[in-house]
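There are 2 protein chains.
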Amino acid sequence: MSLKIGVVGLGSMGYGIAQSVLRAGHVTYGFDVVPEQQARFVSEGGSEGNLADTAAMLDAVMVVVLNAAQCEHVLFGDAGIVARMKAGSVVIACATVPPDFARDMEQRCNASGVHYLDAPISGGAVKAAQGCLSVMASGAPLAFEAAKPVLDATAETVFELGDSAGAGSAMKAVNQMLAGVHIAMMAEAMTFGMTQGVQPQQFLEVISKCAGSSWMLENRAPHVINGDYTPRSSVDIWPKDLGIVLDIAKSANFNAPITSVALEQFLAASSTGHGNEDDAAVAKVYARQANLTLPGEDASDKEVASEKEVE
Amino acid sequence: MSLKIGVVGLGSMGYGIAQSVLRAGHVTYGFDVVPEQQARFVSEGGSEGNLADTAAMLDAVMVVVLNAAQCEHVLFGDAGIVARMKAGSVVIACATVPPDFARDMEQRCNASGVHYLDAPISGGAVKAAQGCLSVMASGAPLAFEAAKPVLDATAETVFELGDSAGAGSAMKAVNQMLAGVHIAMMAEAMTFGMTQGVQPQQFLEVISKCAGSSWMLENRAPHVINGDYTPRSSVDIWPKDLGIVLDIAKSANFNAPITSVALEQFLAASSTGHGNEDDAAVAKVYARQANLTLPGEDASDKEVASEKEVE
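Listed in order, the protein sequences are those of chains A and B. The first sequence begins at 434 in our numbering and counts up one residue at a time. The second sequence begins at 434 in our numbering and counts up one residue at a time.
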């Protein structure tokens with residue numbers, strides 16, 4: 434069954450999602466604040482139209498924005514889509530947000546006759562483009578039903594975590610908490626090893642086969658080893674996501690000391706100019722403090738220096 | 434070739450190692466400060482004899498003790514074995530120790546004509562008994578050669594990390610750093626999830642398939658879920674091992690903030706009476722602070738209460 438689907442936010446994740454929806458045979462609209470992104474998607478087969486005018490026709494809208502504020506703006510801002518969407522259509526909300534926010538959005542969508550699926554995503558840009566995301570989803574059975582064609586087109590794994598919004602966002606927060614800490618910890622351990630003569634390549638070879646391994650260690654250590662900080666996921670994601678996690682924790686009177694310290698390491702990476710680099714660049718915080726030279730670091734230091742000279 | 438092998442320390446790891454060496458057809462002596470452990474090993478086919486009298490006959494001694502002090506005592510204490518061992522025999526040192534300590538032991542063994550292999554082990558008691566340990570080894574080629582029959586009998590994977598002592602211990606420190614933090618982080622994330630309605634079983638099912646997973650999370654989360662704190666590896670291992678890590682870090686002027694905070698969580702677990710429980714009991718520190726009830730916790734709370742009444 435071919436549906437009319439909108440994807441709001443054509444960043445690295447959203448663009449891949451839109452491509453996957455299109456490939457599945459749906460009439461697919463991609464929307465972004467950057468007109469060039471939208472035009473690029475049209476040139477690849479996407480349908481043309483602006484969000485406000487199109488919203489009433491859409492069967493489902495997947496909202497792939499950065500945070501709760503952007504999500505609320507899309508849904509209920511000045512040109513908010515929920516008031517325009519038809520009864521029985523569904524909002525699939527993918528940003529990492531507090532569970533309470535998700536519950537609020539669900540209630541307000543339902544009040545307008547629109548289904549809401551709390552559906553944070555995991556997997557990165559490559560899996561988004563392949564239609565192989567993991568989705569941590571919760572919502573009413575009718576929301577799942579309405580979202581099914583879109584989930585089928587974009588996800589390899591859909592975790593069905595409950596029959597109302599909030600549970601998906603809660604699990605996503607838990608996952609981000611672990612993922613962020615494990616990245617920072619990869620950096621802490623790799624650079625600690627360097628002070629003891631353990632080379633980064635050897636670190637990865639041995640530790641990935643031992644009890645100290647993590648999904649993130651295996652995924653991110655190669656970035657440091659290759660000196661490649663092209664952002665697949667940037668440093669600045671983590672002050673945001675771990676900030677959300679700690680806000681939720683605070684509301685629950687929950688003390689998360691390890692997460693708090695990891696957040697500080699990402700803040701240090703961001704404040705020293707690495708916010709737009711790959712999140713593995715948190716290793717640079719450790720390397721600088723310990724006076725270590727990371728693989729490829731001499732070259733990038735020179736780039737930073739010459740950029741400063743230009744300014 | 435059947436050799437005469439000694440295993441010093443018949444704790445959960447050492448006992449399994451001794452069994453594996455025996456199974457490989459070597460004349461195997463097990464030594465322990467607890468006579469019952471030694472007698473038990475003899476009853477399973479081990480050879481009888483005390484360490485001081487036997488040392489001169491042994492081709493290799495695997496030292497499976499808790500820390501550097503115990504290792505030094507075995508090798509160079511009042512009844513130290515190195516002075517008694519024959520030229521060309523080898524000490525295989527398995528404790529987690531500072532790299533500098535390993536280098537010192539190597540030098541002093543070599544001065545007595547005894548080879549030294551810096552060979553910290555990983556894998557746990559079950560793998561020790563199966564002869565399937567991972568060994569992070571460094572030492573002179575002749576030390577590796579002399580140790581080979583013992584490594585063949587006990588290890589599935591031998592990482593050859595360099596031609597002198599220190600590199601093995603450095604890699605072990607790196608691994609312990611990650612492993613300890615990942616256990617504490619599993620506990621932090623699981624209990625945080627509980628405050629948001631994520632049940633421990635669901636936590637394991639979902640996160641183990643997502644980017645937030647770690648080897649330790651998959652291994653230890655089931656202990657909390659089952660409320661089973663039978664110590665496979667106890668809480669008190671971690672103040673020791675993370676303490677060694679942080680001592681090494683301090684010597685190198687290296688700042689390891691995440692590791693430091695994780696150590697504090699294990700200290701809190703130990704100081705509140707959980708030191709001899711499985712290290713997953715670090716979750717109890719978080720649960721108590723957040724007023725959460727872990728699976729099976731009511732029952733164990735009652736046990737603690739009745740023990741106190743008896744005292």
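Hints are supplied without guarantee of correctness; some may be wrong.
Since the list gives no way to pick out one identical chain from another, each pair is judged satisfied if it fits inside one copy or across any two copies.
Simulated pairs of lysine-lysine, DSSO-like, Cα-Cα distance not exceeding 27 Å [to be verified]:
(1) Lys560 to Lys642
(2) Lys560 to Lys683
(3) Lys519 to Lys683
(4) Lys673 to Lys581
(5) Lys437 to Lys581
Because the hints were derived from the structure by calculation, they are not lab data.
Going through the hints against the structure:
no., hint, verdict
1, Lys560 to Lys642, "both (25 Å within a copy, 14 Å between copies)"
2, Lys560 to Lys683, "neither (33 Å within a copy, 41 Å between copies)"
3, Lys519 to Lys683, "neither (38 Å within a copy, 63 Å between copies)"
4, Lys673 to Lys581, "neither (29 Å within a copy, 51 Å between copies)"
5, Lys437 to Lys581, "within (13 Å within a copy, 67 Å between copies)"
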